[in-house]
Amino acid sequence: MKNKPTVGEILQAKGVSRRGFLKYCATTASLLALPPAMIPRIAKAIESARRPSVIWLSFQECTGCTESLTRSAAPTVEGLIFDAISLDYHHTLQAASGDQAEAARHAAMEENEGGYLVLVDGSIPMGNPGFSTIAGISNYDMLMETVAGAAAVVSIGTCAAFGGIPGANPNPTGAVSVGDLVKDKPIINVPGCPPIPMVMTAVLTQFLTFGQLPEVDKYGRPLAFFGQTIHDRCYRRPFYEQGKFANTFDDEGAKAGWCLYKLGCKGPTTYNACATVKWNQGTSFPIESGHPCLGCSEPDFWDKGGFYEPLSTGNFGSGAKVAGAAAAGVALGAVAAVAGRRRQAKYTKEA
Amino acid sequence: MTSIDNIGVQVQAVHGNVRPILNEVLHALDKLIDNNETTIIDLAGLPFGPGELDVLEETLGKGELSAQLDALGSSRIQETTYPGVWWIEHRNAHDEVVGRYLEITRIPEILSSQDADICAGRVSLGEQFE
Amino acid sequence: MDLLEFARGPALQWAAYILVAGTIWRIVGIVLLEKKPDYSEPRKSGGYPAAIKVIWTRAFTAEPFAKATLYPKMMAYVMHIGLFAVIFLFTPHIVFFEGWTGFDWPGLPNSVIFFIGVATLVSGVALLVRRLTNPVLKLISNFDDYFSWFVTLLPVVTGLLIPVRALFRYEDLLAIHILSVALLLIWLPFGKLGHTFLVFVTRGTTGMVFERRGAKT
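Protein chains in written order, with my numbering: chain A, 1 to 351; chain B, 1 to 130; chain C, 1 to 217.
Simulated from the structure, these hints should not be mistaken for laboratory data. Source: prediction; values computed, not measured. A couple of the hints might just be wrong.
[As the list claims (entries may be wrong)] Quick list of in silico lysine-lysine cross-link-like pairs, BS3-like style, CA-CA up to 25 Å:
1. C:K36 with A:K346
2. C:K53 with A:K349
3. C:K192 with C:K73
4. C:K35 with C:K216
5. C:K35 with C:K67
6. A:K218 with A:K183
7. C:K138 with C:K216
8. C:K36 with C:K216
9. C:K36 with C:K138
10. C:K35 with A:K349
11. B:K62 with B:K31
12. C:K35 with A:K346
So here's chain A without its partners, still in its complex pose (with noise of 0.2 Å):
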């Protein structure tokens, strides 16, 4: 890793002037969601840093976060970051295929010893080695023989994160997370489906900047972006408080854009920053765009009832059983009453 340049080193030859810099540093605290106090300290740590390898391995997954990734407003400022990572192997991205390809993952990961960073995108069957492949090498294989010399796991998307839709009911293919299998890395999950693409950089810029990971919540998600629910930083809340609520999607609520809790939003119970980093580069986000949340950041959402259904609706099972229990109710009451009118009949003869 010695002979790797730094950040600063990198920026200086593409002719990045100190005040490029800064701006640089600023746009990434902002990216950290750190305070513009830590700039100078951001500064610092960039102008130092070295350039990482990552390896990004992609198993039953649909690319749609490499897609989110790619869209990310890459260009000069966070592209920067992206020149600076080095990349060693994605199959999709990368211009190498079959023997090749695995030969480059094997390179990097030989070089880079206990250092380089695994991306994972998808989750992994463990039903049948079969069902997923990659040059011949089953997901589990590949995963555990790529993590072996890892610093550190990032899962991508909520397939990698929590099983994902792969893992819905009834699982056919058996898949499991990325954290169902790695123990003995440390794994940050950057779920959504797609994840925000600010935040996937974010985590690498963390990573690059400081060499180190974020802090993470019960569910290994950085608490800088999964902190907070959806709905505590919604800017629809007032109407949540004051009672407003769209009833349909074509009603005057829904023009008003009132709160969409009726609707089914998930965002009580969601925890990502689209409220705010929102989405294509800060245009919206899908309560903006009124539609409520579907609450994809979250572990088996897929799962959680559907997507249109009020988050306080109860599900109180058939009305087959709710007229049993009348049933038994009935049956229950008449033995009680033989028992009483026997009471009666004896308190009556003693009397």
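For chain A, the structure is supplied; the task is to place chains B and C on it using the hints.
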């Protein structure tokens, strides 16, 4: 041209963030006046509703001084109608906004010539005489 | 299955089954009881009009007790009206009932509900304090009284705490809130909370018996 504009959506304005931010600016100005202390407010982490940022920008208005910086994409450094309150907007090469800040200071740091650049410039100017 | 899913699913389902079975058990058990033969001559004709009259008059305090019972009566009214409002006029609850019955009605703003919830809780605590300090009340109170009080106010407390983000995560407290409601539903038919569905039956019966005996109602 697009029929999407014809949909009768009248989004009810929510401007809950504007007043607290202006209040923060007020306190930051006090700190600047009393202790010569600079404050930077990062506008990226705030849950703005549609159009709310425009309301904030309009409220602060445009002052006497405006500068454009070209480094890793353009940046606009604009003093607002309230001297000492600067609106800073960083863009990337694709002209997409990558950072928005309110800086309460006498002159934003990024406008000053930087030591490293001055030294590099000194070297390159010197080379022309050698 | 996380705690919230358990609360919304099996816990709520079983609570509902027990509530339905228990309520019908109690009602059928009472209805099928043999009426004791009354050989005495009725003083007044009685019947259902007497029942309805007493159901109405017992909503207010009889004159001789008016002053002595004013405070607990007021507290009880605040608590009961408060419970009605927080249960049936809070929008997330309305959505809950809509999911169950298909009907929906307008709710109150959250701040109003929060205020009513606090008033409900305060009146409930006031009534408990009275029960614990009044020697007569204390003597005639048993486990049923205290436990019924507990399961009634527990959902109010857990509900009021949900917006307090500093202490709990929303989904955890929501799960605990629903579980506390499940506990209430399970206990409701069996203890003194049975008055939820028996109050007018018992009051009406009292009215008919008193009228027949010629007592002042």
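Quick rundown of the hints versus the structure:
no.: 1; hint: C:K36 with A:K346; in the structure: 13 Å, holds
no.: 2; hint: C:K53 with A:K349; in the structure: 35 Å, violated
no.: 3; hint: C:K192 with C:K73; in the structure: 18 Å, holds
no.: 4; hint: C:K35 with C:K216; in the structure: 23 Å, holds
no.: 5; hint: C:K35 with C:K67; in the structure: 37 Å, violated
no.: 6; hint: A:K218 with A:K183; in the structure: 15 Å, holds
no.: 7; hint: C:K138 with C:K216; in the structure: 29 Å, violated
no.: 8; hint: C:K36 with C:K216; in the structure: 22 Å, holds
no.: 9; hint: C:K36 with C:K138; in the structure: 33 Å, violated
no.: 10; hint: C:K35 with A:K349; in the structure: 15 Å, holds
no.: 11; hint: B:K62 with B:K31; in the structure: 22 Å, holds
no.: 12; hint: C:K35 with A:K346; in the structure: 14 Å, holds
Taken one by one, the earlier hints fail for this structure at numbers 2, 5, 7 and 9, listed in ascending order.
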